[in-house]
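First to last, the sequence lines map onto chains A and B.
Quick note: the first sequence, position 208, residue 208 per the numbering used here, numbers continuous.
Quick note: the second sequence, position 53, residue 53 per the numbering used here, numbers continuous.
Treat the hints as calculated values from the structure; they're not laboratory data.
One or more of the hints may lead you astray.
[To be verified] If you only want the chain B side, here are some residues facing chain A, beta carbon under 7 angstroms, derived:
1. Asp16
2. Thr51
3. Gly55
4. Ser58
5. Glu59
6. Met63
7. His65
8. Asp71
9. Arg78
10. Arg79
11. Ala134
12. Gln137
13. Gln158
14. His164
[To be verified] Covered by chain B, according to a simulated footprint, are these stretches of chain A (three or more residues, beta-carbon under 8 angstroms):
15. 23 to 36
16. 54 to 61
17. 117 to 130
18. 133 to 140
19. 202 to 216
20. 231 to 238
Don't be surprised by glycine CBs; every beta carbon is placed ideally from N, CA and C.
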Amino acid sequence: MLGAPQRWIVNANWKLGASNFIGDGYHTSTTHHSVVEAGVIPGPADFLLDGVQVTAGRGGLGFRRLPREVAMTRGFPPAIMDALRRNAPRQVQIVEQGLFPSHGTVFPNLSFLGAAAVLKAGERPVPYFTLRVWRPLAAERMEIWSWCLVERDAPAPDKEASRRSYLMSFGTSGTLEQDDTENWTSITHAAGGQMVREHLLTYRMGFSQLRPIADWPGPGTAYPLDYTEANERAFFRWWVDYLSDEA
Amino acid sequence: MSSQPLPDEQLKREIDAVLLLEAELLDDNRLRDWLGLLADDVEYYMPVRATRERGAGSEFVDMAHFEENRDQLELRVRRLETSTVWAEDPPSRTRHFISNIRVAPEGPDAARVKSNLLLYRTRGDSPSHDLLSAERQDVWRRVDGAWKLARRTILLDQSTVATHNLSIFL
């Protein structure tokens, strides 16, 4: 864990962050289009389409399918992946399918994300990992605590690059997160209006057609796309259960 | 008999001018021109600030909000020039108020410069604004007669940042 977390205020409801990270795969095509266009991350912009979304216990995550040789390292040095093989052999089964964990949330408000970004135009993306807490302050206000984590055994230059890659992507100045917090602020503002009170939001993506994977080598229920609202439906179900004391 | 000269008046005038020019470029959204004021080996750094008791040392920790070299800043500007940068389209209105400029020469072609920044920001039709206050500690270097920013450290006067993103430069 690098230093202290970044802490900042967003005038948005905390569930927007937590639900985004648990299963909002399809927002990237529009929300994060600018970073693909600018070359901060390689395209295409719908990069979470091909993946797996898993609901497990009181949490969920999305895996991104990458070309196998990329998934096997995700840009980390070989020693780090060797350590993963030693320490988490069951998880390696999943990585060897070309699936790398991308985003997730432990209900209610602890989320994580691992991805990679370019630090110099034309160079290979550098991996980073972030852990965050969406701290509710009010119905329309949250404080985000965001940590950058690096592999302790990675060489110092890799840690430095990973930190810069995190700053380029997420956190207060991250070029992806800038558009997320703009969206969430805007959504929260619109949610206070009359039109929203007269309409239902449809959260049915993948509801009728998407069947779970039969032979998923991990816990929980796994769906063969990360473009589904399965995890978001689960998140709001848990939230309603707590509110109605049926948890 | 003559006394020791005060801090170089010509240097102070030139640094004042370049700081105000830089603020104007940022407030006028002329980011390519702003990049033109940066040295090739620029380091642009804004550490995270925590809360510490008196005597417990610096509040600035080994983590940052910005830790940028020139390539990284160019990538950020390139993104701000795309047609899908929702965080800045419509653009934030910013006003960089620069004051308390303190200049110390460092050899004939460089200067250490401290300045205070008050950054006012609004977005959309909201009547509220964000205010960020900071001290900037810079090194400016004269390259072929023009002043370039070689290093900036932004020391924010907040631990919890009271704006929803840093899609703007300080």
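Going down the list of hints, with the structure as the test:
no. : hint       : in the structure
1   : Asp16      : violated, 28 angstroms
2   : Thr51      : violated, 10 angstroms
3   : Gly55      : violated, 19 angstroms
4   : Ser58      : violated, 12 angstroms
5   : Glu59      : violated, 10 angstroms
6   : Met63      : holds, 3 angstroms
7   : His65      : holds, 5 angstroms
8   : Asp71      : holds, 4 angstroms
9   : Arg78      : holds, 4 angstroms
10  : Arg79      : holds, 4 angstroms
11  : Ala134     : violated, 13 angstroms
12  : Gln137     : violated, 19 angstroms
13  : Gln158     : violated, 9 angstroms
14  : His164     : holds, 5 angstroms
15  : 23 to 36   : holds (count 5)
16  : 54 to 61   : violated (count 0)
17  : 117 to 130 : holds (count 4)
18  : 133 to 140 : violated (count 0)
19  : 202 to 216 : violated (count 0)
20  : 231 to 238 : violated (count 0)
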